[in-house]
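J.: Spelled out from the first residue to the last, the chains are:
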Amino acid sequence: MSVDAPSSHEGIRDDLFDPAFLGRVEQLALLARRMASSGTRANRRSRIVGSGIEFADHRAYTPGDDLRNVDWKLFARTERLNLRLYEEEEDLSVYFLIDRSTSMTMAPDGEKTLLDRALQVSAALSYIALSNLDRVAVVPFADKIAAPMRPVRGRAQFFKILRVLSDVPPGGQTDIQAAFDGWLRTRPRPGLAVVISDFFDAKGLGDALRLLTYRGFEPMVLHLVDRTLLDADVQGDLAIVDCETGETREIVLTPQLLSRYRAAFESLGHEVQRAASEVGARCLQVDLSVPFDDVVMRVFRAGGFLG
Amino acid sequence: MNTLHVQQLLTNTSDVLRLAGIVAAIILLLYLLRPRQRRVEVPFGGLWQRVLAESESRVVGRNLRRFLSLLLMLLLAGLLNAALAEPLFGHRAAAQRVERARPHTVVIVDVSASMQTEDGLSGTRLADAQTALRHWLAMAPAQEDVLLLAASGHAEVLAGWGSDRTTLDDGITRLHATDGGLDLRRAIRTAQQALAHRSSPRIVLVSDAGPAELPLDATPAQIPIEHLRVGPARAWAPGQTMPPKTLTNLAVGELRVRPDPLDPSRGTLTVQLRNDSAQSVAAQLVLAGSDTAFDAATFAKTDALRRIVDIDLPPGMSTQTVPGVELTAARFAVQVRGKSGLHDVAPWDDWGFAVLAERRELGVLVVSGSADVDPAAGNLYLSAALFAHGKVKVQHVAAADYHPETFAAKDRARHGIDVVVLDQAGFALPEGTPGLILSLAGAPTETLRLAEGPELVVRDEEHPAMRGISFQDTNFDKVRLIPSRPGDTILAVAKPHGVVMVARQDAVRSIEWGLDLLETDLGARYALPLLVSNALLWLAGQEESLVPPLLVGRPWAVDAPVDATWRYVEPGQKPRPARTSGRQLLGQSERHGVHVWQSDGDRLVARATVLPPTENPTLLQPWGPNASTLPATLVVEEQPLSLPRWSLWLLAAMLVLAVEWLTYLRRRTV
Chain A
1 MSVDAPSSHE GIRDDLFDPA FLGRVEQLAL LARRMASSGT RANRRSRIVG
51 SGIEFADHRA YTPGDDLRNV DWKLFARTER LNLRLYEEEE DLSVYFLIDR
101 STSMTMAPDG EKTLLDRALQ VSAALSYIAL SNLDRVAVVP FADKIAAPMR
151 PVRGRAQFFK ILRVLSDVPP GGQTDIQAAF DGWLRTRPRP GLAVVISDFF
201 DAKGLGDALR LLTYRGFEPM VLHLVDRTLL DADVQGDLAI VDCETGETRE
251 IVLTPQLLSR YRAAFESLGH EVQRAASEVG ARCLQVDLSV PFDDVVMRVF
301 RAGGFLG
Chain B
1 MNTLHVQQLL TNTSDVLRLA GIVAAIILLL YLLRPRQRRV EVPFGGLWQR
51 VLAESESRVV GRNLRRFLSL LLMLLLAGLL NAALAEPLFG HRAAAQRVER
101 ARPHTVVIVD VSASMQTEDG LSGTRLADAQ TALRHWLAMA PAQEDVLLLA
151 ASGHAEVLAG WGSDRTTLDD GITRLHATDG GLDLRRAIRT AQQALAHRSS
201 PRIVLVSDAG PAELPLDATP AQIPIEHLRV GPARAWAPGQ TMPPKTLTNL
251 AVGELRVRPD PLDPSRGTLT VQLRNDSAQS VAAQLVLAGS DTAFDAATFA
301 KTDALRRIVD IDLPPGMSTQ TVPGVELTAA RFAVQVRGKS GLHDVAPWDD
351 WGFAVLAERR ELGVLVVSGS ADVDPAAGNL YLSAALFAHG KVKVQHVAAA
401 DYHPETFAAK DRARHGIDVV VLDQAGFALP EGTPGLILSL AGAPTETLRL
451 AEGPELVVRD EEHPAMRGIS FQDTNFDKVR LIPSRPGDTI LAVAKPHGVV
501 MVARQDAVRS IEWGLDLLET DLGARYALPL LVSNALLWLA GQEESLVPPL
551 LVGRPWAVDA PVDATWRYVE PGQKPRPART SGRQLLGQSE RHGVHVWQSD
601 GDRLVARATV LPPTENPTLL QPWGPNASTL PATLVVEEQP LSLPRWSLWL
651 LAAMLVLAVE WLTYLRRRTV
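If you're matching them up, the sequences are chains A and B in order. Under our numbering, think of the first position of the first sequence as 1, with each following residue one higher. Under our numbering, think of the first position of the second sequence as 1, with each following residue one higher.
Keep in mind that a hint or two might mislead.
[As the list claims (entries may be wrong)] Computed spacing ranges between beta-carbons, pair by pair:
| no. | chain 1 | residue 1 | chain 2 | residue 2 | range |
| --- | --- | --- | --- | --- | --- |
| 1 | B | L32 | A | E278 | 53 to 59 Å |
| 2 | A | K112 | B | A25 | 47 to 53 Å |
| 3 | A | H270 | B | L32 | 31 to 37 Å |
| 4 | B | Q49 | A | E278 | 21 to 27 Å |
| 5 | A | G154 | B | R38 | 51 to 57 Å |
| 6 | A | D207 | B | L32 | 37 to 43 Å |
| 7 | B | S199 | A | L230 | 58 to 64 Å |
| 8 | A | D65 | B | Q49 | 56 to 62 Å |
| 9 | A | L230 | B | A25 | 56 to 62 Å |
| 10 | B | R39 | A | R274 | 31 to 37 Å |
| 11 | B | Q49 | A | P291 | 29 to 35 Å |
| 12 | A | E278 | B | R38 | 36 to 42 Å |
| 13 | A | P291 | B | L32 | 48 to 54 Å |
[Stated by the list, open to error] Chain A regions said to be covered by chain B (calculated; three or more residues, Cβ under 8 Å):
| no. | region |
| --- | --- |
| 14 | 197–207 |
| 15 | 242–248 |
| 16 | 260–270 |
Simulated from the structure, these hints should not be mistaken for lab results. As the structure is a prediction and not an experimental result, all values here were calculated from the model. Heads up, the beta-carbon is just placed ideally off N, CA and C, and yes, glycines get one too.
So here's chain A without its partners, still in its complex pose:
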């Protein structure tokens, strides 16, 4: 299937998902397939014992177990009832948890926002995942999940993904933990959770990632940053307004204070990285100035996505 099917473009944002973008996504999918066959692909098998064909283990019979799974040969030898366990191969669910809060919509240069970049990267990675027969769902969040999408499968669903991404409503106050908590209450199927955000959350990221891990998800963190905010040459008396909370604070911005702000910004990146490593998740910090295909390539290189 080609991604540029003209009949499917209705309801899709042209400024983000134009034909050039779709062509580039196709190239990235091919590249991803090649990278997967070269051995960089990681096997993802369910540890759940089910109806697979590959024997995995035995376990003792307990009343209620399906008698069809009893290893009668073993019973004959040992006179003990044991069940044959098979490893079940299943589809990988990939969730793109996209931060749609107000801070992601700021565009100091008047062009692309972090949310735009997040949507583009999510679209590209979705196509690749769909091509890999994985299930894909887009989960926009701010302080809660607005309308959770059921995972879809197959490349034919790519335009549905694009429509969902085009319809992501921007705005809201960031509360990652509360949003994840609300989402997990919908009992999504565990899988790969790609969290894309600027992580401007006063509560931090650690608890939210631990929550995902606890529920069986494999988190992957994509930290988007916009460094143009650090390069402002405005000085003097300022009233800085938090774009999400509206909180105002009066400061006298001096070069020294700006330098300290930059250091604090870098420190926030380190904190995100530390929170990710604590749960064994991969973390990438990507600046807004980096093209989306480069971002996708960096995700591939980091590993863990192509399953």
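Put chain B on the given structure of chain A with help from the hints.
T.: Positioned in the frame of chain A, the structure of chain B alone reads:
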């Protein structure tokens, strides 16, 4: 702009204040119009909070700092302004000006009446004082703050604190002598208040007062007083020729008018005079009477009752009596003037004024206890004497009908009796009512002592009851000797036996005569009506036929009914509402003359003034050995003008601040 021009920019305090106001207004305007804070939207305020928690204080602190910044700007502007205004505060070197505290001096200039005396180098003593003061100012440090105070009966500020010589010179020019006395205590007290909490305080007194007249006890120890003396004790400057005319002064110390007891339409004027020269002077007394004149000018125009009496005034104090003056006017004035071109250096004290007291009718009760007289008519001698007084209303009552409690003073409105005369009646006086007791009997417990054929002698001629009384050639058959008690005033004695007439002033006044008019020929003599009249007036509290004079320039309190609305008429001034306190009318004036309070019912209360004795100019020994001299040559210290260095630093600081302000504005508008 060179230094001199900068200093000439601000020449007086108003310029300084104007400049300070403009600078402060500009700064305030800039402060109010300062660019509002630019609002910047940030994605994550928490990150800024984290940064600010380390380096920034709270908003209140920042606002406070901003406000302090404004105050600092204003302070700097003020300091710069003060630096530019420094020429007003002194001519000394800049370093000295910074290091030394500014001296403060109150100059008290005596403008009392004596300063009108024309014995000065420049004319009057006040003119001398003005000249001396200008020289003193020229030599005083230029940065010295001076307050000019004109002192007489009260203190008046002629030039407030400042060092501007033009203002001070204007104040000196406006000095003029009054007719009032000098209240130095008040002036020094005022100066002390003005110098409170000021650095390097000093008082300079320019006066003709002698050292003995200075109220040293009223002088604060911590404030030095310099006495720049003008007048007779100050010697003429070296090289100065003697005054061309012989200096002398004739003065009226006091004028009294006393009506004749037997003919109240006539009276005697008693003038206390003073001749300050060393020899007798031929002079004239000019008498004038009027119901409306109130000062020398208006009395001089009065022809009525005008009399001129030639006198020969001996040196020093003397008293002249002018009898037989018609008392058809209520106010009198007398002027003493020298004859044959005598130069009187102090014409202001040549006048004396007096006001005739308003006499009211007295109610007299005569109680006759003698069996030899008709109780209805009483003693005829006594009745005749009472009749001669003219202003009495007599009631007679027999001793048997007399009840003292009926005539108590508290019921005076009912019985109308002011004085009770007990003629040979041994009763007590009514409570609170004064009385004249004529008795040979004495009190019941008293041991009667009589003197046969005594010679009566007046002991106290000054007592109001005995004024003008003589017992010479009067025959007495017998008199009772009165045992005198402590506090008694012995009026007359019988030689050589003892006291015959006493006056008592306890809770109520009383006079006791130990005689019977039927036992003497006193009743047929001139002394008796006078004696009775004097006694009645003293007993009724009207012994002063002359209204007590008032000291010019001192606060007065004059008894008068205050149930009416009173206006105060001061010589030379328009009538104005009178000040009252309780049952007294208050006043104070700098003018010598007759002061009048006029009620809305056209009742008048008039008081004449008298110059205080300390104001008498003393012309004796004008070239005395202990006099000091004014400096012959007055040198004004000239100092080069220069802008103080610290003001330049301030100017530089202000420029830096202005540049910083402009660049700050520019930064904020990026």
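J.: Please go over all the hints and tell whether each is borne out by the structure.
T.: So, going through the hints one by one against the coordinates:
The hinted window of 53 to 59 Å between L32/B and E278/A holds, with their beta carbons roughly 54 Å apart. For K112/A and A25/B, the Cβ-Cβ distance of about 51 Å falls inside the hinted range of 47 to 53 Å, so the restraint holds. A hinted range of 31 to 37 Å is violated for the C-beta pair H270/A and L32/B, which are about 46 Å apart. Between Q49/B and E278/A the CB atoms are about 24 Å apart, so this pair conforms to the stated range of 21 to 27 Å.
Here the CB-CB span from G154/A to R38/B is close to 52 Å, well matched to the stated 51 to 57 Å. Between D207/A and L32/B the C-beta distance comes to about 49 Å, which lies outside the given range of 37 to 43 Å. A C-beta distance of roughly 59 Å is found between S199/B and L230/A, which places it inside the suggested range of 58 to 64 Å. Under the hint 56 to 62 Å, the C-beta atoms of D65/A and Q49/B, about 58 Å apart, fit the expected range.
The supplied range of 56 to 62 Å is broken by L230/A and A25/B, whose beta-carbon atoms lie about 42 Å from each other. About 34 Å separates the C-beta atoms of R39/B and R274/A, a value consistent with the hinted range of 31 to 37 Å. At about 33 Å, the CB distance of Q49/B to P291/A agrees with the hint of 29 to 35 Å. The beta-carbon spacing between E278/A and R38/B, approximately 40 Å, falls within the hinted interval of 36 to 42 Å.
Between P291/A and L32/B the Cβ separation comes to about 51 Å, which falls inside the hinted range of 48 to 54 Å. Only when three residues or more bring their CB closer than 8 Å to a CB of chain B does the claim for the region 197–207 of chain A stand; here the count is 3, and the claim holds. Judged by the Cβ-Cβ criterion of 8 Å, the region 242–248 of chain A is covered by chain B as claimed, because 6 of its residues qualify and three suffice. Counting residues of the region 260–270 of chain A whose C-beta sits closer than 8 Å to any C-beta of chain B gives 5, which meets the bar of three, so the coverage hint holds.
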